[in-house]
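Peer 1: First residue of the sequence shown: 7, per our numbering; consecutive thereafter.
Source of the hints: derived by calculation from the structure; they are not laboratory data.
Certain hints may be false.
[Stated by the list, open to error] Below, a list of computed lysine-lysine pairs in the DSSO-like style, where the Cα atoms sit at most 27 Å apart:
| no. | residue 1 | residue 2 |
| --- | --- | --- |
| 1 | K87 | K120 |
| 2 | K87 | K109 |
| 3 | K118 | K96 |
| 4 | K330 | K318 |
| 5 | K171 | K151 |
In this text the structure is predicted, and so the values were computed from the model without any measurement.
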Amino acid sequence: MTIEFDFKRLRPSRLRMRRIQTKRRRWLLAGGIVVGLSVLSVFLFLSAQTTPPPAASSKGNPPETKAAEYRMIEGKVEAGKPLYESLSDKKIPTRWIELIIAKLQPHLDFKKMKGGTYRVFVDDREELVRFVYEEGPVEIYEVTKDGADFVAQRVNVPLETQIVKVTGEIQSSLFEAMETAGEQDTLTLAFAEILAWEIDFYMDVREGDRFRIIVEKLYKGKEFIDYGTIHAVTYAGQERTITGIRYRDDYYDENGRSLKRAFLKSPLRFNRISSRFSRSRRHPILGGLRPHYGVDYAAPVGTPVWAVGDGKVVSYGWNGGYGKQVVLRHMNGYMTHYGHLSRFGPGIRNGKQVDQKQVIGYVGSTGLSTGPHLDYRLAKDGQFRNPLKETFSTGIPISQGEMDLFLRRRDEVLAWLRGDSNLSQGSVPSAQGKTVER
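Between the sequences and the hints, there should be enough to build the whole structure, so can you do that?
Peer 2: Structural data, given as structure tokens:
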């Protein structure tokens, strides 16, 4: 039997086979591409995980990886010497100096510079990268390169706050007692100002008096920077104990009455009294026994004299033996006299209203005076009174709506002052850090 092939019918089948093979090749190629991309993605992902990120650098500051490439020029600005001149002495280019001063102008008063140190950083092309000026531990200013421009700022220096209890006993003076306790004069002055309406630290201080203070101290690392808020004080004298508790930016006694009164106990801060109130004393120049109706506060020429209370200037100028004198009229018939001044305070003139603690003049030795001092006198209804013994009305009490909050605050602070318990951080919102007793 003869079999005949129909080649015309076989030809289409071969074409179909070729088409199928072409499709297979395309699928294989596409699959290979997908697998290759997947492998590449996994490789890149693992590489990103194992490669450490570049070291971060603060905006405008030289990158740490290039820190060794920057050259540093150090210098010092003497007090009263212009920054421009100090930089010129170090051969800093004029264009850099002008740029630094222009950028710092909004942040720094060049007329009141106290002096300090500076550092200039330049790159390998001798171009300015950064300028740092340190006027003090927390007074730091810098100019840094930021792209094509430079930016200036005052650096925010983080400080640690510690709450401490300072205790001391008077042997000769409050200043010496505070120094013995390891503290500085700024705390002495702040303590005295809180009690300025209650204690005349010239007359009332006695040996054996004791004081306690709860105060914040600010540190930069281990370096003491300054005192912060005083939260409470107590002064135990021979006749009475005075306590001041801070509440809403003011100080109150244990019963919630403000320590502030209409009159201060003294028109000056700490200076020795050269002569105390006496109805009869021998006048140092005129001789003989003459009534002396005031208190003489010996102090260096130029010491500021404060108004002991709000009032109005009724006279100022030369007044015979009192030399340059200011007289103030206060409420309730009181008048105060300030004599032997070297000069008058800013803006003092007849009829001017003055505030308590406003400077009305400066200690001098004008008129009949043997040395610089303030002659201070107090009169009521035309009669001179002893300013060291005069008593004034108590301060304004806390409102009834605030009393419960104040009493809770008072009890906790007094327990700490008296040593019964530790002061909790929650009671002093502004304080952060440790509590330390000294």
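Peer 1: Confirm or reject each hint.
Peer 2: Hint by hint, here is what the structure shows:
no. : hint        : in the structure
1   : K87 / K120  : holds (9 Å)
2   : K87 / K109  : holds (19 Å)
3   : K118 / K96  : holds (22 Å)
4   : K330 / K318 : holds (17 Å)
5   : K171 / K151 : violated (45 Å)
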